[in-house]
Amino acid sequence: MGALSKFEIGGVLARQGILIAFVLFMIAFTIANQRFLDPDNILGVIRSSAILGVMALGVTFVVISGNLDLSVGSMMSFSTIVVLDLHDKIGPALAIPAMFIMTLALGALIGFLVGYLKLNSLIVTLGMLSAIHGLTLTYSGGKNMDIADKAGTWFSVFGQGSILGIPVPILIFALLAAVLGTMLAKTPFGRKVYAVGGNGVAATFSGIRRARVVFMCYLLSSFCVATAGLIQASRSLGSQNTVGQGLELEVLAAVILGGASLMGGSGTIFKTVIGVLILGFIQNGLLLVGLQFYAQYVVTWIIIILAVWLDIAAKRGRLWSPIA
Amino acid sequence: MSRPDTGQTPVLRLENIVKTFPGVRALDGVSFAVMPGEVHALMGENGAGKSTLMKVLGGIHQPNEGQIFVEEQATVINTPLEAKAKGIVFIHQELSLAEELSVAENIYLGELPRKSFGRVDWNKLFAETNEILGKLNVSFDAKARVGDLSIANQQMVEIARALTVDAKAVIFDEPTASLTDAEKVVLFDVIADLKSQGVGIIYISHRMEEIFKITDRISVLRDGQYSGTLTTAQTNEDEVTQLMIGRSLDLSRNVSHGELGDVALEVRGLSCGHLYQDISFEVRRGEVVGFYGLVGAGRTEIAETLFGLRDPSAGTILLDGKEVRINSPAEAIAHGISLVPEDRKGQGLVLGMNCRDNMTLPQVDDLKAGPFVAEGAEVAIFDQYRDRLDIRTPGWRQLVGNLSGGNQQKIVIGKWLSMHPNVLILDEPTRGIDVGSKSEIHNLIRDLASQGYAVIVISSEMPEVLHVSDRIIAMYHGELIRTFSSEEVTEDNLIQAISGIRSDKVA
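Residue numbers (the UniProt record's numbering), protein chains in the order written: chain A, 1 to 324; chain B, 1 to 507.
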C-alpha cells in the first residue's frame with residue numbers, strides 16, 4: 001500500500017501543484033524579506049501587473065479557442081508608439097480612437113489568416129511578432145517617441161491617475177476582467193469559444209461558424225493589447241520601440257499558470273487573473289530577495305515549463321506516466 | 001473461477017483483479033484464464049471494464065488487488081514494455097504506426113538489426129520482415145510505405161510486429177471495426193494460424209457473429225464484475241446477451257408501419273465528384289430509410305452533402321418540395337436537417353464539455369435571456385431528453401468524456417432531437433456501443449418515425465438496417481444499386497446488391 005499512497009500524493013501534487021508552489025514561494029519570500037507583504041508592495045505588484053494582465057485577458061480567449069497569440073508583445077509596442085506620436089499631432093481625444101482602430105485592424109488581419117484561411121496560429125502570430133515590430137520601427141523611424149508637454153496633458157490619467165485611492169490601471173484591469181469574464185462564462189459567444197477550442201470539428205458539426213469565432217477572439221485580443229498600450233503610453237508618456245518585447249511569453253505564462261490548456265477548450269478569466277498575480281508576485285519576490293532583474297527572463301521560462309508540465313500531469317492525474 | 005479441466009497450463013491467468021479509481025470500482029474481482037491455442041472472447045457493455053482490464057494487462061494501470069500469472073508464474077507488469085517482454089502483445093483498435101516509414105522499419109522499430117558503426121543492416125531487416133509477412137500471406141512487401149497501405153493491411157503490420165516477439169498471449173481489441181468482409185477473412189486466417197502455434201488469444205468485440213465464428217470460450221464482464229465464462233460451442237447469442245445485460249434482446253424484423261406523410265426530403269440526380277453519382281431518392285414523414293453498403297460506398301458522403309459539409313457537383317435537393325442550396329451545417333440546421341455523425345467522439349461531441357452544454361450547442365444562440373445564455377432553459381432541455389432517452393449520468397455537470405459510449409451517443413441524439421428536425425440523419429447510430437443501448441436506440445428510431453419524423457439511417461450492420469428501416473437503399477461504389485421495400489428485402493439480395501452483383505437491378 002506504500003506505492004498507493006505515493007501515487008495519491010503525486011496526484012494531489014499534479015492537480016494543485018501550481019497553488020502549492022505559489023504558497024511555498026510566498027512563505028519563502030516573506031521570511032526572506034519583510035517588505036514583501038507590505039500593503040504598498042502588494043498594491044505596487046498589482047499595478048505593475050495590470051498591463052500584462054489586460055493583455056492576458058484577451059490571450060485567454062485565443063488560447064481557449066485552441067490557438068496561440070505570440071504577437072501581443074510587439075503589437076503592444078506598436079499601440080504605445082502610435083498613440084504617443086498621434087498625441088502631439090491630433091490631440092489625445094482623437095489619438096486614442098485612431099490607435100484602437102489601427103490595432104484592431106492588425107487583430108482582424110491575424111483573425112482572418114487563422115480563422116478564415118485556417119493557417120497555423122503559431123506561424124501566423126510568430127510572423128506577425130516580427131512584422132509588427134518592423135511596422136513600428138518604420139512608423140517611428142527607429143526613434144524613441146515622447147510627448148512634448150508631459151506636465152500639461154490629461155492623457156496621463158490612464159497610467160498614473162487614481163480614483164478613490166486605487167490606481168486607474170488596476171481599475172481598468174478589474175473592469176475589463178469583469179466584463180470579459182462574464183462574456184466568456186455567460187454568453188453564447190463564450191460557449192462557442194469553448195466548443196471551438198474543445199473540438200473544432202464537433203463545433204462545426206453543431207452549426208457553429210468556427211472561423212467567425214476564431215476571428216472574434218483575435219479581435220478581442222487586439223482590443224486588450226490596445227488598452228494595454230494606452231496604459232503603458234500614459235504611464236511613461238514616452239517610449240522605446242521595444243517596450244512590449246518579450247511580453248508575449250510572460251502573457252502566455254500567466255494564462256497557462258492560470259490553468260488554461262494549450263490544447264484549447266479549458267480555462268477561465270478568473271484563473272488567468274490568478275495566473276497574472278502569481279507571476280507578478282514571484283517576479284517581485286525574486287527582486288526583493290536580490291535576484292538581478294535580467295534573471296527574470298530565465299525564471300519566466302522555468303515557470304512556463306513548470307506550468308506546462310503540471311498542466312499535462314493534472315490531466316494524467318500523476319506526475320509521470322508511461323503513456324503520452 | 002474458470003479453469004478448464006484439461007491438464008494444460010494457462011498462458012495467462014488473472015486472479016481476483018480489483019482496480020479502483022476515485023469513486024469508481026472499475027474492476028471488482030475479475031478472474032479468468034486463457035489456455036494455449038485458445039481464442040477467448042472478452043465481452044461486456046461499454047463501461048463494463050474491458051478497457052481497464054486491458055490497461056492492467058498492458059502495464060498502464062496497476063491493480064489494487066489480485067494477481068496476474070503468465071504461464072502460472074506470478075507477474076507484475078509495470079510498463080507496456082514489460083508486458084511485451086513477457087509475451088503479452090496488443091493489437092489495438094487505433095493503430096500506432098509511423099506512416100512515413102516502411103513496413104519493415106515499423107515492425108522492428110527500436111530494435112533494427114545493426115552492422116558495424118551502428119549502421120542499419122537493411123538487407124537483414126527486409127529479409128526478416130519478408131519472412132514474417134510470408135507467414136501472414138499478405139499482398140505487400142517489407143519496403144512498402146505504411147501510409148500507402150489500407151487500414152486492414154496496416155493492421156497486418158501490427159500483427160507482424162506482434163510475431164517478432166515470442167508472443168504467449170495476443171490481445172485483439174475490436175480488430176474488425178474498420179475491415180471489409182474480405183479483409184476479415186484474412187484476419188481470421190491469421191488468428192487461426194496463431195492459435196495452431198499454441199498462442200493464447202483474447203478477442204474483444206461487440207460483434208456476435210464473429211464471436212461465434214472464431215472463439216472457443218467467451219468470458220463476460222458486467223459493471224466491472226466477472227459474470228461468467230461460456231463455452232462457445234455450447235451457448236447462443238441469447239445466453240451471452242443475458243450475461244452481459246441481465247436480460248434478453250429482441251432484434252426481430254420490425255414490420256409495423258405508421259401512416260406515411262408528405263415527402264420531407266427529395267434528392268434528384270445528386271453527384272459529388274468520384275464519391276457518388278446520380279443519386280435520387282425521397283424520404284417521407286413517418287418513414288425510416290436505411291442506407292446499406294460497404295465502407296466507402298458513398299453513404300456518409302451523401303449525408304455530409306445534405307448537411308452542408310460537401311458541395312454537390314450536380315443534382316438538386318428539395319425540402320418540402322422546395323429546392324434548397326445548403327452551404328454549411330449552420331444553413332442545414334436552419335433548414336431543419338439534423339445529422340448524428342458517424343464519429344461520435346470526433347464529430348459529435350466536445351468531450352471536455354459538460355452534458356448540458358453539449359446537448360444545447362446547436363441552439364445556444366436561440367436560448368438567450370438578454371445577452372446571456374438562459375441556463376435554466378438549457379437545464380430544462382437537458383432534463384427532458386435525459387428522461388426521454390434514459391441517459392445515465394450523475395447530472396448535467398458531468399463531462400461527456402466520462403460517460404459510456406452508449407450514453408454519449410444518446411447525448412448526441414438528444415442534441416439533435418431537441419432541434420425538432422424535419423429530417424433526421426443518423427450515420428452509424430450504434431457503432432461501438434453496447435447491446436443494451438443499441439436496442440434502446442433502435443426502438444427510439446422506430447418511435448420517431450411513428451411520431452412523424454423523416455429519418456435516414458446509415459449503417460454497416462445488416463441486422464440493424466433490416467430491423468429499423470421501412471425501405472432500404474443499397475449502395476455500391478458511389479452508385480445507388482437498388483431501393484428495397486421491407487417486403488422484398490432479404491439478406492441474400494441485399495448482400496448481392498452491395499457487393500456489386502446487379503443482375504436484378506430494379507431501381
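The set of hints was computed from the structure by calculation and includes no laboratory data. Be a bit skeptical, because a hint or two may be false.
30 Å max Cα-Cα, derived DSS-like pairs, lysine-lysine [what the hints assert, rightly or not]:
1. B:Lys135 to A:Lys271
2. B:Lys135 to B:Lys84
3. A:Lys271 to B:Lys184
4. A:Lys186 to B:Lys345
5. B:Lys322 to A:Lys118
6. B:Lys345 to B:Lys368
7. B:Lys115 to B:Lys143
8. B:Lys213 to B:Lys84
9. B:Lys143 to B:Lys168
10. B:Lys195 to B:Lys115
11. B:Lys115 to B:Lys184
12. B:Lys345 to B:Lys195
13. B:Lys135 to B:Lys124
14. B:Lys322 to B:Lys345
15. B:Lys368 to A:Lys186
Tested hints:
1. B:Lys135 to A:Lys271: violated (58 Å)
2. B:Lys135 to B:Lys84: The hint holds at about 21 Å.
3. A:Lys271 to B:Lys184: It is violated: about 51 Å lies between the C-alpha atoms, which goes past 30 Å.
4. A:Lys186 to B:Lys345: holds (25 Å)
5. B:Lys322 to A:Lys118: violated (34 Å)
6. B:Lys345 to B:Lys368: Given that 30 Å is the threshold and the Cα spacing comes to 27 Å, the pair holds.
7. B:Lys115 to B:Lys143: Between B:Lys115 and B:Lys143 the Cα gap is close to 19 Å, so the pair holds against 30 Å.
8. B:Lys213 to B:Lys84: holds (28 Å)
9. B:Lys143 to B:Lys168: holds (28 Å)
10. B:Lys195 to B:Lys115: Status violated; Cα separation ~35 Å.
11. B:Lys115 to B:Lys184: Not satisfied, since the Cα-Cα distance of roughly 39 Å exceeds 30 Å.
12. B:Lys345 to B:Lys195: With Cα atoms ~34 Å apart, B:Lys345 and B:Lys195 exceed 30 Å; violated.
13. B:Lys135 to B:Lys124: holds (17 Å)
14. B:Lys322 to B:Lys345: violated (34 Å)
15. B:Lys368 to A:Lys186: Roughly 10 Å separates the two Cα atoms, so the pair holds.
When each numbered hint is compared with the structure, violations occur for hints 1, 3, 5, 10, 11, 12, 14.
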